[in-house]
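Visitor: Based on these hints, arrange chains B and C on the given structure of chain A.
Listed below, chain by chain, are the residues.
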Amino acid sequence: MLDKVIFYFFAAIAVSSAALMVTRRNAVHSAIFLITTLLATAGIFLQLRAEFIFIVQIILYVGGIMVLFIFVIMLVNLDVALHQIKFARQKWVALVVVLALAAQVGVMFWTTGEMPGQGFPVLAAAPANRLPAGNAEAVAKSLFGTYLLPFEIASVLLLVAMIGAVVMAKKRA
Amino acid sequence: MLPIGHYLFLSMALFILGVIGVITRRNVIVVLMSIELILNAVNINLVAFSRLYGDVAGQVFALFIIADAAAEAAVGLGIIIAFFRNRETVLADEMDLLKW
Amino acid sequence: MQAATQATIDFLKLYWAPLLCGVVIVAVLPLIAGYIVLVERKLMADMQARLGPMRVGPHGLLQPIADAVKLLIKEDIIPDDADKMVFWLAPVFSVGAALLAIGGLAFGPAFQIGVNLNIGILFVVGISALGIFGIVLGGWASNSHYSLMGALRSSAQLVSYETAGGMALVSGLLLAGTLNIKSIVEAQATQGVWFGFLAPVAFFTYLVASIAETNRAPFDLPEAESELVAGYMTEFSGFRWSLYFLAEYTNMIVVASVATTLFLGGWLRPFAGIRWLNFLDFVPPLLMIGIGCYCVLRMPRQPSRVQQIFMLAVAGLCFVAALVLAGPVLLPFVKPLMAARVKPFYAGIHGGFWFIFKVSAYLYFFMWLRFTIPRYRFDQLMRLGWHFLIPLSIINVLVVGLALIVGSYFNLQGWALLLATTPAAILALVAALVILSMEQKSQAREETSSVTDFYAG
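The listed protein sequences correspond, in order, to chains A, B and C.
Residue 38 in the working numbering sits at position 38 of the first sequence; the count goes up by one each step and never skips.
Residue 1014 in the working numbering sits at position 14 of the second sequence; the count goes up by one each step and never skips.
Residue 2349 in the working numbering sits at position 349 of the third sequence; the count goes up by one each step and never skips.
Keep in mind that a hint or two might mislead.
To be verified - Here are the simulated lysine-lysine pairs, DSS-like style, with alpha carbons at most 25 Å apart:
id, chain 1, residue 1, chain 2, residue 2
1, C, K2182, C, K2013
2, C, K2074, C, K2084
3, A, K4, C, K2084
4, C, K2070, C, K2042
5, B, K1099, A, K91
6, C, K2070, A, K170
7, C, K2182, A, K141
What the hints assert, rightly or not - Now the in silico label distances, taken between C-beta atoms and shown as ranges:
id, chain 1, residue 1, chain 2, residue 2, range
8, C, K2084, A, R49, 36 to 46 Å
9, B, E1088, C, T2422, 50 to 60 Å
10, A, R49, C, V2306, 53 to 63 Å
Since the hints were made in silico from the structure, they are not lab data.
Note that CB positions come from ideal geometry on N, CA and C, so glycine has one too.
With the rest of the complex left out, here is chain A:
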């Protein structure tokens, strides 16, 4: 019961903030709504007992990426954009395409059963006591054990991205 309440609470916040985000004229408002969406998503992760991903989402996504976005929005003076139209010329075509995509996914759900979830092979969720004792320890064991090579490659990727961003944003002397 508590699970349901928490899930619906965070899901409602996530979907409504996302809808508000893609329709705001002011970019800073969009950024704020994206922050609330990301925080709600972190709440969903916590509800799924994935504590490490919850805190990583908050530290990296909200505390890192969104700060970067807000810096850039303030650097790029957007007063001009406030008085112009916000949706591109292709908005009706785009809406039709998106509705087609949504219909495809909906049909897929529908043909596998009446309601989403019931058509899937009956799998009992791993009971909470079968989950490893500490989520952070389990993720760490997996990250530094089985997935060590992707971990190292991801760190090289981040280094390359860091250098690239610095070089691109530098003022030419």
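Guide: For chains B and C alone, kept in the frame of chain A given last:
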């Protein structure tokens, strides 16, 4: 944990909203933010299935996606800043240098 | 409907303690923050050879209440072109993040505020990083150049020092082996040595980084009165400003608690493992008795009758506290049978005392620095963070890991581990200083070369 369909539905809703943002908005920064929304929807999907099967690999993959999203946001915003310095605009309609 | 009420009752029965703690924090912490401000003003006065607030209440003790009332009844001014929603939201972000971070802490073996999280320390550090948004959005929403510049500078400073502080915490966590707050303090208890001794470089780095994280002097350029007119807080008046203020002092308590938990042994008394030093358990009651006696001795020299009575009241409170602290320690001698039942209280009360003592010492050091050292210029600040502290903390993670491997090879435990970690710490410091000097040389070379170009035309 709720039946897996709930998480899939939520993930689909966020994905669709992100796609709407990417295709429809003129402001390139909002397009980038919608891409982050799409990546988040995928993360929810991964973590939900990881909990369903009790396998932590889904969460590790979500971790890599978050790291990758950070790198992509940094590089993308660097490109936007460089472009803004030259052309004074962030609207996708006005970025038409390569049009014939 | 029936199921819903039943579920609510079950939820309340399970989680009434954290909920109560949450309500108490939100209600009491503004008062505590106000009194920390009074302590700071009194300390500042003492270090400047004056008396500080003395008028409002005996020895100025009602000053925070007077300040709070003044701030609450002040007019709420919103700049003309300010974005009203964001202007309202910005202080909420700051205060919300700070108060939520307090919820992850634990003040004693049984005094945890919220739930004992598996990711305790990471939760506190991550949530307190959300306060950056309060600063950036506040500066932007004020629609004023000074505010925006102050906000951007302040958030750039916070982000830079967050990296260094986080890496310093990682070095400490390598020694602890877990993120759980209780387990970290238990690890220090089993190893018998505080991690601040085993990783002094990490402690020093975290100290400096936490001063920069909370925008305290000497890193308070973005909000100093003589610089940018209070920076991002310029346009906020009355209650909104008090929210920012509350967030800053709550952040101070949070970083002090994190440093105490990880580096200073949390709620352990000094030398917790050594039995023949058990007489140190008498230090808390003796300290309280000492303060009480001092108050009694100073009573005749007070200028007015009210203040004399006040001194006696303070002395009485100290003696009561000494009795409470001494009770569990003396009881084993008086009634050995009750000793076993009283042991958890003993650990709890003394643990709480030592924790608050260490946090107060840390905050005293913050305030001492504020009144002693001149302010850093912003580029000096950024250079210190990026060119010295971040390489230092990264190298420190490496060498602490190496020291741990060496230590486990030779099976060193507790204090013996110092043999491995001290050379590691010296190595890290030397390497970071070498990097800093290399950078200074290259910058000097760059400056001289550009001067030459200018003269060449």
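Visitor: Determine for every hint whether it applies to the structure shown.
Guide: So, going through the hints one by one against the coordinates:
1. C/K2182 / C/K2013: holds (24 Å)
2. C/K2074 / C/K2084: Holds: C/K2074 and C/K2084 sit about 19 Å apart, inside 25 Å.
3. A/K4 / C/K2084: Given that 25 Å is the threshold and the Cα spacing comes to 35 Å, the pair is violated.
4. C/K2070 / C/K2042: Within the cut-off at roughly 20 Å; holds.
5. B/K1099 / A/K91: With a Cα-Cα distance of about 20 Å, the restraint between B/K1099 and A/K91 holds, given a limit of 25 Å.
6. C/K2070 / A/K170: violated (47 Å)
7. C/K2182 / A/K141: holds (22 Å)
8. C/K2084 / A/R49: 36 to 46 Å: Holds: the Cβ-Cβ distance is about 39 Å, inside 36 to 46 Å.
9. B/E1088 / C/T2422: 50 to 60 Å: holds (57 Å)
10. A/R49 / C/V2306: 53 to 63 Å: Once the Cβ atoms are compared, 58 Å apart, the range 53 to 63 Å for C/V2306 and A/R49 holds.
Taken one by one, the earlier hints fail for this structure at numbers 3, 6, listed in ascending order.
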